[in-house]
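Asks: Listed below, chain by chain, are the residues.
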Amino acid sequence: MDRSLFRYVWQTSRREQMLILGVVLVSLPFYFISLDLPKYIVNDAIQGRSFSGGKTEAVFMPIAIHAPAWLGGFQLKIFDGIPLERIPYLFGLSGLFLILVLINGAFKYWINVRKGALGERLLQRLRYDLFSTLVRFTPESFRNVKPSEMATVINNEVEPIGGFVADAFIAPVFLGGQAITALVFIIVQSPSLGAIAAIIVVGQALLIPRLRREQLRLGKERQMAARALAGQIGEVVEGISAIHSHGTAPYELARVDRRLNQLFTIRFKLYNRKFMVKFINNLMAQLTPFIFYSLGGYLALTGRLDIGQLVAVIAAYRELPPPVKELIDWDQQRLDVQVKYDQVIEQFANSPQIAPPGPAPAAPAFGVSGLEVSQVKVADSRGHVLLDNLSLSLPLPAHVALTADGGDGPDILARIMGRQLLAFSGKVRVDGEDVTTLPADFVGRTIAYVGPESVIFQGTIRDNIAYGLHLRTPEAGLAASDTDWLDYEVAAASGPEDLDKRIIETLRIVGLDETVYRFGLSGLVKKKRFPGLAERVVEARHAVVKALEASGSSQLIEPFDPSRYNRNATVSENLLFGIPIGQTLAGDGFIDHPFVRGTLAKSGLTADLEDMGAAIASTMLDIFADLPSDHFLFQQFSFIRSEDLPDFAAIMTKRGRGDVLAEGDKARLIGLTLGYAEPRHRLGLIDDERERRLVEARHLIRSTIPADLARAIEFYDPDTFCKAAPLRDNLLFGRITYGVAGAEARVLSVVRDVIAQLGLDDDVYRLGLDFHAGAGGRSLTPAQRAAVSLARVLVKRPSILVINDALVQFGDAERKAIFERIVEATAGRTLLFVLRGKDDAAVFDHVVAFAGPRLRGVTDQRHSTGSAPLAASA
Amino acid sequence: MALEAEVETLRAVPIFRGLDPRRLKLIAFTSQRLSFRSGDVMFRQGDDSDCAYVVLVGAADVVIDTPAGPLVVSRIGSHSIVGEMGVITGAPRSATVVAQTEVTVLRLPKDHFLSLLEEFPQLSLAVMRDLAHRLEATNRLLAARAEPAKH
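Residue numbers (the working numbering), protein chains in the order written: chain B, 145 to 1018; chain D, 2 to 152.
Calculated from the structure, these hints are not laboratory results.
A quick note: this is a predicted structure, and the numbers were derived from the prediction, not measured.
There's no promise every hint is true.
Derived list of chain B stretches under chain D, where covered just means 3 residues or more per stretch with a C-beta under 8 Å from a C-beta of chain D [said to hold, decoys possible]: (1) 753–767; (2) 881–891.
Over 12 Å on every C-beta distance to chain D, these chain B residues come out as not near it, computed from the model [as the list claims (entries may be wrong)]: (3) T156; (4) L181; (5) L278; (6) G363; (7) R402; (8) S438; (9) G621; (10) P703; (11) D770; (12) L771; (13) L777; (14) R801; (15) R824; (16) L827; (17) G828; (18) R837.
Backbone N, C-alpha and C fix where the C-beta goes; we use that ideal spot for every residue, glycine too.
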């Protein structure tokens, strides 16, 4: 990117700029004519100069080209004109003026639209350029970069630059052109008036920016002061406990007061300056008409200027200040934007960039002959040596453990090998190729690094694991979807389905299979994505019932049976007998719906439910009345929120007196019954008779539901897949019996067996892979995030896999298991593993041991007979 | 009413004896009624102590692992509370409890139980008394075992 803003703009948009500039130039003559025309209207038509000497007609709009005298002075007539009487002549000229106004407006419109588009295009380009610079930063330079700052720069700070670049060349030409045209016009009419106008305009143009520059400086000062104030307030808020404990509040107050005072002083200066500029500006704008009226009037009266000219000059002068003012604004913006651009460029240009890649090795396999490290030295920013003159050579492929008794040696070497660290001296070669200059996409295919911090992108678990496979540049360009970028070959897969299989295998290695399976069970099955699965799930549903019966545990689950009350489900679940879609029938809205209320009344349930509600209310009042309102038992167990308790107490008192309750009160009591399930709450409120009536109401709801409301619910049907319910609920199709210890685990294990028998395992996993990881992986636990990061590198089957402390998030037993599976999965390829402790060293071919920044020795364990440390070059 | 019956049972549990019936109702209502089959492990030695159980009906054995194999140290029956010690100390389960008959319990999650102790000093006192009794019993047992060893 060019350091000069104007050069950058010109380089990136030359053609478009020239086109617009051309149109600007073409528009100027029209502008001139529109200034000139009033003169004729006043002189010829209104004052009647063309009709002097008793003429009743004048020629309207003759068009001819007068060649200057030095060209022979001939005249070329294009249009002879139309003879018109005085009034039509006036209207003709006025009409012409109107047409010119429209033409000028059209020019302005076109120029503005193109300018806007040009600005947006340039902004897009600028952001893209900045972003592409950003992704080429070396890993080291990212250490000094704040993510939010970079996002702000690319997103917000360049915004005003984008607004300006469209104007960079066009505004001065367009506005300057207009101003000069107007000025030239005035000079042509009257050189003396023109001279005055020119002096004032030039004076304005010189003086105002000078004043404004000071204003700009003050503005910047104000911004800094405001930023400092914000910083101080933030600091106080963060350190408030320290301020309280030290009693330094008055001190902090005084400090903030000082800043506020400073801010006031700056702002006051700014106002003075601002209104002074305004005053001078206005004065000059008003002064000129004074001169024009007096001097121009005098010239007109003495006959040296005609009235038409005077009117036109005054009109033209009115046109003069806006472009001049805008030009001054443009100049100010230029200064402002130039500063911003410089800042942005400095931030980006000063960060070292990854060296341009060399050619990719032509060999079909990589990492097959050996690793050669010579004289590698790494120091941190303070010059502290982290790795000192490391030289070693190892045959590849091999499993290599990097160990140390303190020091960062293993970490540094792992990061160099994973291309996370490029600022080192010396050479690291694999198969004779310098790893620092290998092209990025080649590295993406052959070397994979995973460190202690898991990186999770927004998207599904599948997106995250397959992230490293986005290595194929699709031909479709911008139209390509994200999946078009996937290079299935890298994962040794033939297509999307096959890739899912590879990913599932990888899940087993990193111990994430159980989790993803669980996610799958809680996922919604979309028919489009999983054709045929819904039908199989219904089949599985029946198989689950059979399997439970066969194992004598059919009592563990109470299936949804349209003709029976489900005791383990709540009252509302039993009434609705389906899953609400959208908000109409969801939650408490269900009972408030007029249709539901009407149906309950029709089936004679209203009184029943009211009685039940009253029983619940009295129990709640009994239990919770004297518990503190913020007690957690309240929030978890009470059917009534603490703030509603008094209301219900009042309702119950009324009811106790035998008063007739208001409809609203009744509804509130009925509302309490919605979440009630007998085995869970055990208040003994639902007997066989009530069950029968609730089921009746259920049938009535289903059979009489209006068509528009039917869209708000998906009813349960034992033989149909329920789209709105998660897979698990579709498989169980019932409620797990409440109060039987271990029921859920036993049922789920049966469900699992059935899924496996029907061969649906992979579908469940695939559904689980659709689970969204959330922003920054917030929907996952730290261990799950680490597992996903590991899976991402494993699925690529890299020739060289570098694992640097990536297993720290796992518990001991799990870490060991994952470690062993990784070692097994990478057999025949290279694994560089930073090893803590020495327990697992035995499985490696070589152990590279560090002592502080120095190499202590390399042990070859392949023919391990009393492994003597190799001579290490230091 | 099932809840009322549970309240009656709770009243018979020594540590809940002096408690207001309303509190007993609160405890019953906020705890989960669970049933175990004969032979089910209610919790295992070394597990997290996430709840205490009040046995409503049934009997269970308290078993500890010893180098010589599992050793039944006591049997608990209806109206007893089990697992509350780990809940109070935060230590893992010190023994395994196995249902010997069909057992119905009220499950008091750890948070509930601790908050009950905080809220109702009567209950804390009762728990302390119970623990003290048990400690005393253990001491006596140890003394009795140590006696014959001297001979």
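Asks: All the hints need checking, so say for each whether the structure fits it.
Replies: We went through each hint and held it up to the structure:
1. A stretch counts as covered by a chain when three or more of its residues have a beta carbon under 8 Å from one of that chain; for the stretch 753–767 of chain B and chain D the count is 3, and the coverage holds.
2. Counting residues of the stretch 881–891 of chain B whose CB lies closer than 8 Å to any CB of chain D gives 4, which reaches the minimum of 3, so the coverage claim holds.
3. Against the 12 Å criterion, B:T156 stays outside the reach of chain D, whose nearest CB is about 63 Å from its own CB.
4. Every CB of chain D is more than 12 Å from the CB of B:L181 (nearest about 88 Å), matching its label as outside the interface.
5. Look at B:L278: its CB is around 47 Å from the nearest CB on chain D, clear of 12 Å, so calling it non-interface holds up.
6. For B:G363, the non-interface assignment is confirmed: its Cβ lies about 57 Å from the closest Cβ of chain D, beyond the 12 Å cut-off.
7. For B:R402, the condition that its CB be more than 12 Å from all CB atoms of chain D holds, with the nearest at approximately 49 Å.
8. For B:S438, the non-interface assignment is confirmed: its Cβ lies about 92 Å from the closest Cβ of chain D, beyond the 12 Å cut-off.
9. Once the 12 Å rule is applied to beta carbons, B:G621 is consistent with being away from chain D; the minimum gap is 56 Å.
10. With a minimum CB-CB distance of about 20 Å to chain D, B:P703 clears the 12 Å threshold, and the non-interface call stands.
11. In this structure B:D770 is not separated from chain D by more than 12 Å, as the shortest Cβ-Cβ distance comes to only about 8 Å.
12. The beta carbon of B:L771 sits about 7 Å from the closest Cβ of chain D, which is not more than 12 Å, so the claim that it is off the interface is violated.
13. The Cβ of B:L777 sits about 5 Å from the closest Cβ of chain D, inside the 12 Å cut-off, so the non-interface label is violated.
14. The claim that B:R801 lies off the interface holds: its Cβ sits roughly 23 Å from the closest Cβ of chain D, which is beyond the 12 Å cut-off.
15. A beta-carbon of chain D is positioned within 12 Å of the beta-carbon of B:R824; the least distance is around 8 Å.
16. At roughly 6 Å, the least C-beta separation between B:L827 and chain D is not larger than 12 Å, which violates its mark as non-interface.
17. With a least beta-carbon separation of about 4 Å from chain D, B:G828 fails to lie farther than 12 Å from that chain, contradicting its non-interface assignment.
18. B:R837, annotated as away from the interface, keeps every beta carbon of chain D farther than 12 Å; the closest lies near 20 Å.
Of the numbered hints given earlier, the model fails hints 11, 12, 13, 15, 16, 17; all others are met.
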